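Just so you know, the sequences run in chain order W and Y. Taking this note's numbering, the leading residue of the first sequence gets 64, the next gets one more, and so forth. Taking this note's numbering, the leading residue of the second sequence gets 665, the next gets one more, and so forth.
In short, the hints are calculated from the structure, not lab data. The reader is advised that the hints may include incorrect statements.
Stated by the list, open to error - Listed below are the simulated SDA-like cross-link pairs for lysine to any residue, each with C-alpha atoms no more than 25 Å apart in a straight line: (1) W/K121 / W/S169; (2) W/K85 / Y/V683; (3) W/K85 / W/K100; (4) W/K85 / Y/A702; (5) Y/K677 / Y/N694; (6) W/K105 / Y/N694; (7) W/K134 / W/E78; (8) W/K100 / Y/Q705; (9) W/K120 / Y/V683; (10) W/K100 / Y/H674; (11) W/K100 / Y/P725; (12) W/K105 / Y/Q690; (13) W/K105 / W/K134; (14) W/K134 / W/E146; (15) W/K105 / Y/R686; (16) Y/K677 / Y/A744; (17) W/K131 / W/P177; (18) W/K134 / Y/H674; (19) W/K134 / Y/Q690; (20) W/K131 / W/G104; (21) W/K100 / Y/N735; (22) W/K105 / Y/T766.
The structure displayed is predicted, hence computed values, not measured ones.
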Amino acid sequence: GENVEQHPSTLSVQEGDSAVIKCTYSDSASNYFPWYKQELGKGPQLIIDIRSNVGEKKDQRIAVTLNKTAKHFSLHITETQPEDSAVYFCAASRTDTGRRALTFGSGTRLQVQP
Amino acid sequence: ETGVTQSPTHLIKTRGQQVTLRCSSQSGHNTVSWYQQALGQGPQFIFQYYREEENGRGNFPPRFSGLQFPNYSSELNVNALELDDSALYLCASSSDPTWEETQYFGPGTRLLVL
C-alpha cells in the first residue's frame, strides 16, 4: 500500500519568514495530494490540494509543488503569521480504485514566533 | 467550519465495552470516511461508506464496523474495546468518490479506553 513520509516533524520560524514542509510517497499511482492544517482540539482543515496533472498551485501565501518523477511534494508558506502555528499533514490518494482513502504523513508541528 | 458534525465530543469507556460514534455529513455529500488518529500521529483510514454500502476498508479488525443511513449520516461501532483504541476518531465527508477526491473533516470524537 501507499506510504507517505513527512519532514521535518517540528519547524520553528520567525514571523514573516517562509516555512517549507516536504513529503514523499511510494505509490506511483497516487494522483491527489491534499494538505491539512490541524489546530489543537480540532479536526484537520483542508488548506490546499493538488492533482497529478499540475506541477504547482498557489493560494495567497500558500503554495504546493509536486514532482511526480521523484514522488515528492512540498508545502510552502510565505510571510508566516502566529496564527499559522498548528500541525500540518500531507496526504496522498489514488483515484482509480473507486474509493478515496487518504494516506497521511506523520505531521509537522509549525511554531511561528512573534 | 466544514459542516461535518460528530457526536459525542468526548467519551470514556473501559476495556471490553462497546462504543458507537456518530457523524453527520456535509449537505450534498453522499460519502463518509472514518479515520483513527492516535496521539501525535496522522489519521489512519478505517473504512469508507458510499450510498449506504462499505466502499473500501483499511487495516482494521472486524470489531470495527460501520453503517451509513439513507440521509448519509454514519455510525462507527467498535466492539471489545482495547486500550490501544484510545484515539481521536474523525469522520470526513465528500461527494461521489468516483469523481471527487476532496474530503472535509469533522471535529472528531476523542475516545479514552481505561
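The hints, checked one at a time:
{"no.": "1", "hint": "W/K121 / W/S169", "result": "holds, 23 Å"}
{"no.": "2", "hint": "W/K85 / Y/V683", "result": "violated, 37 Å"}
{"no.": "3", "hint": "W/K85 / W/K100", "result": "holds, 14 Å"}
{"no.": "4", "hint": "W/K85 / Y/A702", "result": "holds, 22 Å"}
{"no.": "5", "hint": "Y/K677 / Y/N694", "result": "violated, 30 Å"}
{"no.": "6", "hint": "W/K105 / Y/N694", "result": "holds, 23 Å"}
{"no.": "7", "hint": "W/K134 / W/E78", "result": "violated, 30 Å"}
{"no.": "8", "hint": "W/K100 / Y/Q705", "result": "holds, 13 Å"}
{"no.": "9", "hint": "W/K120 / Y/V683", "result": "violated, 41 Å"}
{"no.": "10", "hint": "W/K100 / Y/H674", "result": "holds, 21 Å"}
{"no.": "11", "hint": "W/K100 / Y/P725", "result": "violated, 29 Å"}
{"no.": "12", "hint": "W/K105 / Y/Q690", "result": "holds, 17 Å"}
{"no.": "13", "hint": "W/K105 / W/K134", "result": "violated, 30 Å"}
{"no.": "14", "hint": "W/K134 / W/E146", "result": "violated, 30 Å"}
{"no.": "15", "hint": "W/K105 / Y/R686", "result": "holds, 16 Å"}
{"no.": "16", "hint": "Y/K677 / Y/A744", "result": "holds, 11 Å"}
{"no.": "17", "hint": "W/K131 / W/P177", "result": "violated, 36 Å"}
{"no.": "18", "hint": "W/K134 / Y/H674", "result": "violated, 38 Å"}
{"no.": "19", "hint": "W/K134 / Y/Q690", "result": "violated, 32 Å"}
{"no.": "20", "hint": "W/K131 / W/G104", "result": "violated, 34 Å"}
{"no.": "21", "hint": "W/K100 / Y/N735", "result": "violated, 28 Å"}
{"no.": "22", "hint": "W/K105 / Y/T766", "result": "holds, 18 Å"}
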